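Participant: Keeping the supplied structure of chain E fixed, place chain F upon it in accordance with the hints.
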Amino acid sequence: MSLLELHGVSKRFGGLMANQDVSFSVEAGQIAGLIGPNGAGKTTAFNCVAGFYAPTEGKILLDGQVISGLPPEACARAGIGRTFQVARTFVSMTACENVMTGALMRNRSVAAARSEARQWLAFVGLDHFADKPAGSMTISEQRRLAVARALATAPKLLLMDEVMAGLNPSEVREMVKVVLAIRDRGIACLIVEHVLEGIMPIADKIVVLDRGVKIADGTPSEVSRDPQVIHAYLGDE
Amino acid sequence: MMTNPLKKGRALPAVGGLVALAAVLLPVVTHSPSHLNLAILVLMTAQLGVAWNLLGGYAGQVSLGHVAFYGIGSYTSTLLLLNFGLNPWLGMLAGGLLAALLSLGFGWSCFRLKGHYFAMATIAVAEIVQIVFTNWEYAGAAVGLTIPMDQRGWGAMVFADKAPYYWLALGLLALTLGATWAVERSHIGYYLRAIKDEPDAARSVGVNISRYKQIALSLSAFFTAMGGSLYAQKELYIDPGSVLTTALSIKMALVSILGGVGTLFGPVVGSVVLTTIEEVTRATFGGTGRGTDTIVYAALIVGIAVFYPSGLIGWFREWRQRRQAQQAGTGKPAKNVDEKVDEKAEVAA
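Here the protein sequences line up with chains E and F, keeping their order. Heads up, the first sequence is in the numbering used here, so the first residue is 11 and it goes up one at a time. Heads up, the second sequence is in the numbering used here, so the first residue is 24 and it goes up one at a time.
These are computed hints drawn from the structure, not numbers from a lab. Treat the numbers as computed from the prediction; the structure is a model and nothing was measured. Backbone N, C-alpha and C fix where the C-beta goes; we use that ideal spot for every residue, glycine too. Honestly, I wouldn't trust all of these hints.
What the hints assert, rightly or not - If you want a taste of the chain E side facing chain F, the calculated C-beta under 7 Å gives, among others:
no.: 1; residue: Val76
no.: 2; residue: Ile77
no.: 3; residue: Gly79
no.: 4; residue: Glu83
no.: 5; residue: Ala86
no.: 6; residue: Arg87
no.: 7; residue: Arg92
no.: 8; residue: Arg98
no.: 9; residue: Phe100
no.: 10; residue: Val101
no.: 11; residue: Ser102
no.: 12; residue: Thr111
no.: 13; residue: Gly112
no.: 14; residue: Arg118
no.: 15; residue: Thr163
Unchecked claim - Just a sample of chain F residues kept apart from chain E, beta carbon distances all over 12 Å, derived:
no.: 16; residue: Ala46
no.: 17; residue: Trp131
no.: 18; residue: Thr307
no.: 19; residue: Leu323
Looking at chain F on its own, in the form it has when it is part of the complex:
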């Protein structure tokens, strides 16, 4: 029997493969720095959303303080580079590990609270981290830190043009997606969803919910911090206003929620839509100087939230289910033809 590769069920992986290939080749096709910069922003925001989604989406613990880990990642790799000459690749790993370690304190203090109170506590913790860095002379205080450009190339993770940063962001996103995929398929993924749905029932089947929330948080913190290190290497300048701002915490949550919480690719879809809207509204309405771009941006977010409450991925799934149900109900036009042909072939044989 002939199988059409674009038939139901196979279409998605095929499209996904094409998108991935196109993503890898994008810098070869476009040389416009502004387009490439937008693409890097999309990828970096997507990576943060995917990392946030491990805790906020799968385990249902909505954190609005994740920027603390982002800041810790960017400051750790930068301080290690400036003071000890540590390679940023190792610095990135160190930042991730330190964030995962510090997330134990974050979890210890915030997981006592549930729901909205948990979210509020995470904001408070992130604010404390921001205040500490703003007043910490060793970390550059409010002035921030600058990474010198004297060493360049893949070893130093400093580049004059954008394309390598694009591939770095893409690679980090792929790594974070891969880790999330592995978690989703392991017992941890089942336990996190159980904790989100019904914590008491999860406990009754032997799930130590504090431990699994902490596992999700530590993994999430690790990857968020790596995103922070990448940001520092890309911008070559960090200060509390750029890497410890609450707005960024909210953005991590927002891309996941708009795309679809607790789905592997939800934050990626959310980031593509949100970052593009943000940049387009800024380019179109940003010149007025009256914040028109922010108003339009916010109105679009409210619109998506109202009309697609289950996120864009959720909406897509519902649409596909409806379409399949319709096809099943109206005599499956396309499929029936195939089957009849097959029957004839069998009779002929």
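Looking at chain E on its own, in the form it has when it is part of the complex:
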């Protein structure tokens, strides 16, 4: 049994089939990348896993429990943490309070949440910003803050949506370090990514979507040799 399993997941928006019969799995402690050209349905699949969409068809299981159709807050309790394409920082709070809000899910004590939040801030390298208004942080810092906030819910699987997009090379390296450290803690990561040079070297597995359909699934080197993938990314010769 894998940690996360998608079985024939389809999502339809009116006449648009955003995901069609998508199946793949993520093992515990694995880094999996979900890639594909624009409009491939990556974020839709992601939102189905996180509970923001209910799949039109198919089933999603976490640790053998069906989670498809549950609302986002129930998915979070089941063990799915997530970040968004835009950081969605709680701007009226400090950095520490942002992470505390995540930590409060498992433990209602504010004092306990505060000390936990400090640890996660240190984990993503933001400990010196703890009391800074979160809205005044840079994009790269807010991305890492969002990761810390999601980690504070003690997830089994962390979903990261374009966590490296728009970052400069040194910021990408920093984020890669964070992702590897998360995996070392035994938390699986499913990463939607456009920045292939960030994800390819660290992923244990890559799933490729194109026009809502899964076209490849395997190790990064297998996938990058796949003619269908090359076709989807580069088009015809």
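Facilitator: Same frame as chain E, now just chain F:
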């Protein structure tokens, strides 16, 4: 090391303590009924603003129908008193609890909508409540209800002079502030701010946003209704035009917005400024009979909104931050002297 109690960081609690003490002693100092009446109005409006702020400020759900709860509070305690002889202290509690219960229906119908549409729906609900009471014979319909003055004193919550009402209003304000303070510091406070800032992100960290919005609404309704009961006991007369008017809903929002939404004392500051402006303009321009007072009042509100968009508390915080930044930048004159003295003392020791 000697510490100056008025030094940075300690000045605020010290000033706050003095203000609270002055507030408690005010009726002892002034015996002018008109001054005391203004002070009671300030406190009662502040209390409503603080209650409104729980939902509108912290959770960011702007309600323009809160007068419905105010009316329910005042009618519940008054009807229970007139028909069953129930003590108004218990009536006040009953009104608060009934409003909190009815707020489930209010939330159920209005929370489906977001932003401006939520605000519009709350107006509609309050209008419906007003129409119901205007046509409900048992509740006095349009004529209203009068509380008899035959029993007086703290037990009956009816007084001939103003001072006890002042202390009641102050006590209710303190209670509402205390509850807000407790909410602010608990996980609920964090969740409400998260819902206001980024509802989707709040859900992603396990916050059931419908539940927490409803918690904020029920608490807010409870305290708003208690304010309504106090009004009924103070005026000894209620009708739909006085306790169910939309203008009052707007005022609850206005004092919070002007003072600073989502801050503990914002509505209190807002009420002091707004109620004073309202009464002063009425006293100064009210005699013309052409609504000059309302025009001046409205112009002042627009002025505050334009020049202090983050509210008066927000403006004060920004000003303090700027001043601290300036002091840090120009070699911290006052602080440096202190430190040098301390160093010398240490060397001498």
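Participant: All hints are to be evaluated individually against the structure, with a verdict given for each.
Facilitator: Status of each hint after checking the structure:
no.: 1; hint: Val76; in the structure: violated (18 Å)
no.: 2; hint: Ile77; in the structure: violated (13 Å)
no.: 3; hint: Gly79; in the structure: violated (15 Å)
no.: 4; hint: Glu83; in the structure: holds (5 Å)
no.: 5; hint: Ala86; in the structure: holds (4 Å)
no.: 6; hint: Arg87; in the structure: holds (5 Å)
no.: 7; hint: Arg92; in the structure: holds (5 Å)
no.: 8; hint: Arg98; in the structure: holds (4 Å)
no.: 9; hint: Phe100; in the structure: holds (4 Å)
no.: 10; hint: Val101; in the structure: holds (5 Å)
no.: 11; hint: Ser102; in the structure: holds (5 Å)
no.: 12; hint: Thr111; in the structure: holds (5 Å)
no.: 13; hint: Gly112; in the structure: holds (4 Å)
no.: 14; hint: Arg118; in the structure: holds (5 Å)
no.: 15; hint: Thr163; in the structure: holds (5 Å)
no.: 16; hint: Ala46; in the structure: holds (29 Å)
no.: 17; hint: Trp131; in the structure: holds (17 Å)
no.: 18; hint: Thr307; in the structure: holds (38 Å)
no.: 19; hint: Leu323; in the structure: holds (27 Å)
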